[in-house]
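Engineer: For reference, the chains in residue letters:
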Amino acid sequence: MISFSRFTLDNGMRVIVHNDNSTPLVAMNLLYDTGSKDEDPSKTGMAHLFEHLMFCGSANIPEYDLPLQLAGGENNAFTNNDITDYYLTIPAGNIETAFWLESDRMLQPAFTQEKLDVQKNVVIEEFKQRYLNQPYGDSMHLLRALAYKVHPYRWPTIGMDISHVAGVTMEDALNFFRTFYSPRRAVLALAGNISPDKAFYLAEKWFGPVNGEIQLARNLPQEPSQNEARDTCVERDVPADALYKAWHVGRRGDSDYYTIDLLTDLLAGGDSGRLYNRLVRELRMFSEINAYITADIEPGLIIMTGKIISGTDLKEAESALNEVIDNLKDKEPAEVEMEKVKNKFESATVLSNTNIMNKALNLSVNELLGDPGLINTEVERYRAVTGRMASEAARKYLDSGNCTTLYYKSSGKK
Amino acid sequence: MGILLRVQPQVEPFNASIPAEPQLMRLSNGAGVYLIDAGTEEVMRTDFIFRAGMITEYLPLLATTTNMMLAEGTLNHNARELSSTLDYYGIFMNLYSEKDIAGLTLYFLNKHAVKALELAGEILFKPVFPGNELDLMMKKRLNWFRISRGKTQNLAMDNFFEAIFGKRHPYGRKVTEADFSNMNCQLLKDFHSMHYSPEDMTIIVSGKINANITGLLEDFYGRLSSEYTYREDTGNVLSESPDKKIRIAKRGSVQSSYRIGCRTINKRHPDYPGLKFLNTLLGGYFGSRLMKNLREEKGYTYGVHSSVSSFDLSGFMVISTDVGRQNAEKAAGEIFSELKRLQDTPPAEEEMEVVRKYMMGEILRMFDGPFSIADSFRSVLDFGLSFDYYHRMAETIKSVTPGEITRLANTYCKPEDMYEIKAG
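Heads up: the protein sequence lines correspond to chains A and B, in order.
Numbering of the first sequence is given in this note's numbering, commencing with residue 94 and proceeding in unit increments.
Numbering of the second sequence is given in this note's numbering, commencing with residue 294 and proceeding in unit increments.
One or more of the hints may lead you astray.
[Unchecked claim] Pairs of lysine to aspartate or glutamate residues, derived as DMTMM-like cross-links and limited to a Cα-Cα distance of at most 25 Å, are as follows:
1. A:Lys435 - B:Glu335
2. B:Lys691 - A:Asp158
3. B:Lys433 - A:Asp231
4. B:Lys404 - A:Glu473
5. B:Lys591 - A:Glu156
6. B:Lys501 - A:Glu471
7. B:Lys444 - A:Glu428
8. B:Lys404 - A:Asp364
9. A:Lys208 - B:Glu622
10. B:Lys433 - A:Asp254
11. B:Lys433 - A:Glu416
12. B:Lys707 - B:Asp637
13. B:Lys408 - A:Glu428
14. B:Lys419 - A:Asp364
15. A:Lys136 - A:Asp126
16. B:Lys408 - A:Glu473
17. B:Lys432 - A:Glu411
18. B:Lys585 - A:Glu167
19. B:Lys633 - B:Glu533
20. B:Lys432 - A:Asp330
21. B:Lys501 - B:Glu334
22. B:Lys623 - A:Asp210
23. B:Lys404 - A:Glu471
24. B:Lys444 - A:Glu167
25. B:Lys543 - A:Asp231
26. B:Lys501 - A:Glu473
27. B:Lys408 - A:Asp364
28. B:Lys591 - A:Glu167
29. B:Lys591 - A:Glu207
30. B:Lys543 - A:Asp254
31. B:Lys585 - A:Glu207
32. B:Lys543 - A:Glu219
Hints listed in this document are in silico derivations from the structure and should not be mistaken for laboratory results.
So that you can see chain B by itself, here it is in the shape it has in the complex (with noise of 0.2 Å):
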């Protein structure tokens, strides 16, 4: 045996598994239940979801610190034994808001799955959310806050995000420092009380799952109901940015963020699996075309990435990369004019080919393990769409044609709808 004899070993088919469909479960009080089981560690993780991001603010930082201040005091704890509790019984606590929908996951050991779901029932649905620990909270953020427009990152896609949806829109407008003040325990609770409702919110529970989970939610769960459920309309309307070049300037920066992107189609189009593989073969990976040239070839950047993401009104493409001040407009150039060869040239089977696998590999991995499993169904059932989805993408990732690439390049991504934010 020996250096000879190094033959490549054959490639063998794989498909993408996708598991069987969560059931829908519903508590007496109508909240939705979903079990993924599967696993081998003796873990669960449990999704509380709630439509209670930004989208549903009419104040900038509105539903953020709603969300944030959830734990920091309830009508049975202070902030103080409530971390601490939580860390006694190893509970690991994410909150979290984003554009659309905002909630709770916690991660905790089987054995203490009844303290971190009563600790959950309390934490959402009994917070007081105290004066001095609001003032702490705002406090923090605003420092945080000053930091991160320190990065030109940060700077680079707030602008992006304010181009392409509007400086009124939740999905669009930036914070300012003033924004920090305006907060108030009152403001706080009527959001609460209005967008956190038991009988709305989703629960998906992931992980090797006890036998007797269900009966534990209903007891923690079942019988809570919403003392008020009207909503407001918040009448944002989207809206666009005239200026297709933004420029900011940062003083003593090496290097230039840039975000680069468009509004467009959202999870829901029948042609966003297509896109999806488009925006792979373009930036959505190690091989595709934009790292090759501007990392692999010209050494401009440490990575260059693009993505196509999903709000629930819209959905954008965005490319995003950190350049040296000297090689800057170079790169940008070079974007746009990967953009225009998309437009123009259909891509040669044998990189159709490359993308095909590696994307099917992808579903392999989005589908491996329950907290894998969790985030793939999350980021479906948020558009009322199930794993058909996933069935639909393996079917575009095999059979989309290079035509048909052309076609989605000349509808989604024309250089010419393009905003160019420049950061640094």
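This is chain A alone, in the form it adopts within the complex (with noise of 0.2 Å):
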């Protein structure tokens, strides 16, 4: 049972704080309610890009490590289609300073033109680095670009293409700010040897004068349904062929999105996940599988991916894989094995708030998400879940019409 407390502003900044006195440290999560959904289909990657604008120096503070740095704290950042998060640990008696330096950039960053080109320069790289220099480093943007066509999770977080990240002008920059960083759009989190009464103070006190413009209200395109198969090939040199598909599925928090969850881990649920079951073990026609939920605020995907044993057809592994599904289609999972995923996702849950860090993330999300008690109550969502509403889910949506198929082929070059 994880206990927490919950203040806000009156700027609009929510504040939940767990005081775990077990530690000499405090970890504080700060998430921003805006993610690469929020860009510019012309310039994607914005948001990625601030998040590393946001280390080149505040109103006040010419940069942000070092003064952490020098208080023994350690941070770091992470922005995907819906949120930027910022975190950081740091002693217990040096905590103010953590709330120095993020109202701070919350106020307003202070990057130079100098500092945009460069942080231009290094996210290329990174794009480089994580998508372009990698085996199958391309299959997520190929695999979005198909399955949606309207809705900005078409493209990831990194962007679509290197052309738009180095497009950005300082405008451009400052404009992503102004609209998305506000403290409305801001969930802080502690959690680790601080009380509460200290926290509420201390949030009051540096972020209590940051005014944000009044938030406006999203209006992203919406994705229209999908009814027919789509799919695409692509050949690559790369050594084995591989398989990507995706179905779409609803937002996170709906009410079937746990039984979605529950549904992707009977599939793939570790080593004893049905496809590896069937399509490693005893067809020995993939070398790895898996599939997950995105896990998305807007409307998301079944994503699964697949790596083919040389020397079997591509064609013959979908079957195969298709097989697995109209199985669990079929015929409901037995007790003992909605038991097993959901006893994995208890021990999942326990082991991820072993760490300070993780407490005050999972507390933000589910802040965003409407309720910080998710922390202690999903097991039992889960625990909700039967096999009829598994093979439910899994006919209403691992449906070939609503299927989106990547055929990732070897050039056999070697």
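The task is to assemble the complex, starting from two chains supplied on their own in separate frames and drawing on the hints.
Structural biologist: Okay, here's the thing in structure tokens:
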């Protein structure tokens, strides 16, 4: 049971505190409700580039990292489709330094044209390192662009293309900040050696004076439902064929979200999952296979990915995969199999809560979803899913008309 | 209150709180046990450690394959039953084999401790190495191997190890496709009986520990003994490549992966904490010289990192980065000039102070929570050291002088000793 207190500042910023005195540290997680879905389609990659710019100095502090390091702190950040998240840990006695640093960059970042140019290069190298210079590195670019026609989830967080990142101007970056980095879009969570009273006092002191623009309602284009199978085939200089599939599902937090999540666990929750048992162990067609739900705030995807063992035909491997899925649609999983995936989920949840950084992140994300208490009640929600519900969800979502397939073929060069 | 009042808060001094050393206990058969009781959640982790890493193998892949095959069938259960039982009880299993050691780590809810320990005993001491499962394992591994050869980072690292430790030593030798057809069940069985002896294992239990844990460990493992203990000397000798500059071409790559480094001292050497300090200052944290120079000033790379690591018989320092091809030579030039600067000019006390504070914070993080303590303990135990190592480290962090950094730079990381591997 993770206890927490919750508070909202007058400027709209939400604050969650979990006190854990077993650690000499405090973890601070500052989540902004903005991600790559908020980008202009001709300037993708902006949200993530902006995350880099947040480390280039702010209104009253020339450099973010130096004072934090001098206070014994360590930090990082990530951006995804939905959120931009800044996190740090610091010795409890120096937590006020973290409030000072984070509130100052919420007030006003102070990057220059020169810093912008350097960070654009850094992000372009990151783009190359993670997506262009890796075997299969462009697979998610290809799959998303086919699965989504209009919704901004059609591009990955790094951006659609390097040219978008290269084209960002000072004005673009400052506009992005003004629109999306307001206290109303921020959730601050603290976990560790700090009392709620102290945390609320410091939040009021440092973040209270920060004013943001009035939050505009999001108006994202809604993805029309997919009624016809889509597929594409690419050839690349990779050693093995690979198969990628995506099916549209609802939002994280929808009533059947937990059912769909368990559905992917039945299929691919480790080496005892159905896909591994059938396609790797028995048929020996795949060397690895995975399935997961994207857990997005807007309607997301179930994604399956697999690498084919050489000598196996890609289409035959796909038919075998489809048979496993059909089997789940036709026959409800037995109680014991349901129990297995639920137990695994419970274990993973408890393990994740052994770390103050995870607790702070989980509290922030759950607050954004509407209820930080989910950190304690999610296991019960998963427990309520039945085998019948899982089969029904498989029939509803894992339909061939709702499916996008990417055949990623080895060009066979030696 | 307002923007004008934004005065920087005072930085409070803090100390690295290194916990008390876990105490050695022995099961009846002599196996060592350490308990680390800490944490707030009802979970435990158990590490089973054996000196069964690559250093003990006479054929490439033998140590890793034996380890990975442990859970692919035992006297009582086949591979499929094992994985569904582990999953049913929500047990997370990690089989690992490194250069020197190998073993098994389990994470589980306290309520499933008995089941977890029972399964661990079966996996570690009653594996049967079925031929059909080995066949599948080698097919999978060959596929993974081919994919990993497509990454310039892996190509560079493999060639780096070969250059500094030699083509024939297990620390250095490269795996080839042919090695994947050399494994057979009997080799694995022999390797297992030689190197996975219950009497010689070390167990570390960490988490919110159940009172009856020692009784359970004794029941499950205390009476086990091994059939034979003869271990042959693999006769491997460390050597170094005569070529310092190695280039590996990779078709179609848009970046070059660099590994620049050399063999050096390991954790047992008194200078090691000082070398760790030097390394942090050079490229071991976000504010390091290399990150500032190559990333934050020039935008050559997404990241550049320097590390010092220990093996049982040696140690090494390596600087790693991935750079767009157009800037590759310039980036390597900057790395060498940073090494030279360390040799020539003592760092300013201001810069030393940032590293001191950052590293003291790291020590706090290394002991935050039961599993971090277990990791920190393991990494000294493997070298026959104790938490005294961390006390010496904390002392060095406080007191090392700029002149000492210059001495260390001129002793352990001279530019002329560096191997420079570039892939892609």
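Engineer: If a hint holds in the structure, say so; if it does not, say that too.
Structural biologist: Hint check:
Annotation: proposed proximity of A:Lys435 to B:Glu335 holds, straight-line Cα distance about 17 Å (limit 25 Å). Restraint check for B:Lys691 and A:Asp158: satisfied, since their Cα atoms lie roughly 21 Å apart, inside the 25 Å limit. Using a Cα cut-off of 25 Å, the hinted pair B:Lys433 and A:Asp231 holds, with the two alpha carbons roughly 23 Å apart. Pair hint B:Lys404 plus A:Glu473 holds up; C-alpha atoms about 18 Å apart against a cutoff of 25 Å.
Under the criterion of a C-alpha separation no larger than 25 Å, the hint pairing B:Lys591 with A:Glu156 is consistent with the structure, at around 17 Å. About 23 Å separates the Cα atoms of B:Lys501 and A:Glu471, which keeps this hinted pair within 25 Å; it holds. A hinted pair counts as satisfied when its Cα atoms are at most 25 Å apart, and B:Lys444 with A:Glu428 does not qualify at roughly 43 Å. At roughly 23 Å between alpha-carbon atoms, B:Lys404 and A:Asp364 fall within 25 Å of each other, so this suggested pair holds.
The straight-line distance between the Cα atoms of A:Lys208 and B:Glu622 is roughly 23 Å, inside the 25 Å bound, and the hint therefore holds. A threshold of 25 Å between alpha carbons decides the hint, and for B:Lys433 with A:Asp254 the separation of about 33 Å lies outside it, so the pair is violated. A C-alpha spacing of about 22 Å is found between B:Lys433 and A:Glu416, which places the hinted pair at or below 25 Å, so the restraint holds. Only pairs whose Cα atoms come within 25 Å are accepted, and B:Lys707 paired with B:Asp637 is accepted, the gap being roughly 11 Å.
Simply put, B:Lys408 and A:Glu428 have alpha-carbon atoms about 20 Å apart, close enough for the 25 Å limit, and the pair holds. Taking the CA atoms of B:Lys419 and A:Asp364, the gap is about 20 Å. The hint holds against a cut of 25 Å. With a C-alpha separation of about 19 Å, the suggested pairing of A:Lys136 with A:Asp126 holds against the 25 Å cut-off. A C-alpha spacing of about 23 Å is found between B:Lys408 and A:Glu473, which places the hinted pair at or below 25 Å, so the restraint holds.
Taking the CA atoms of B:Lys432 and A:Glu411, the gap is about 19 Å. The hint holds against a cut of 25 Å. At roughly 16 Å between alpha-carbon atoms, B:Lys585 and A:Glu167 fall within 25 Å of each other, so this suggested pair holds. Distance check on the hinted pair: B:Lys633 and B:Glu533 sit about 23 Å apart at the alpha-carbon level, within 25 Å; holds. Of the pairs offered as hints, the one joining B:Lys432 and A:Asp330 holds, with about 20 Å between alpha carbons and a cut-off of 25 Å not exceeded.
Our distance criterion of 25 Å between C-alpha atoms is met by B:Lys501 and B:Glu334, whose separation comes to about 7 Å. Between B:Lys623 and A:Asp210, the direct Cα distance comes to roughly 18 Å. Compliance with the 25 Å bound is thereby established for this hinted pair. For a cut-off of 25 Å, the pair hint linking B:Lys404 to A:Glu471 stands: about 19 Å separates their Cα positions. Under the criterion of a C-alpha separation no larger than 25 Å, the hint pairing B:Lys444 with A:Glu167 is inconsistent with the structure, at around 29 Å.
For a cut-off of 25 Å, the pair hint linking B:Lys543 to A:Asp231 stands: about 18 Å separates their Cα positions. At roughly 23 Å between alpha-carbon atoms, B:Lys501 and A:Glu473 fall within 25 Å of each other, so this suggested pair holds. At most 25 Å may separate the alpha-carbon atoms for a hinted pair to count; B:Lys408 and A:Asp364 meet this at roughly 18 Å. Proximity of B:Lys591 to A:Glu167 is assessed by CA-CA distance (about 23 Å); at most 25 Å being required, the pair is judged to hold.
A threshold of 25 Å between alpha carbons decides the hint, and for B:Lys591 with A:Glu207 the separation of about 10 Å falls inside it, so the pair holds. Restraint check for B:Lys543 and A:Asp254: satisfied, since their Cα atoms lie roughly 23 Å apart, inside the 25 Å limit. At roughly 14 Å between alpha-carbon atoms, B:Lys585 and A:Glu207 fall within 25 Å of each other, so this suggested pair holds. Taken as a hint, the B:Lys543 and A:Glu219 pair is honoured in the structure, with Cα atoms around 19 Å apart against an allowance of 25 Å.
When held up to the earlier numbered hints, the structure conflicts with 7, 10 and 24 and fits the remainder.
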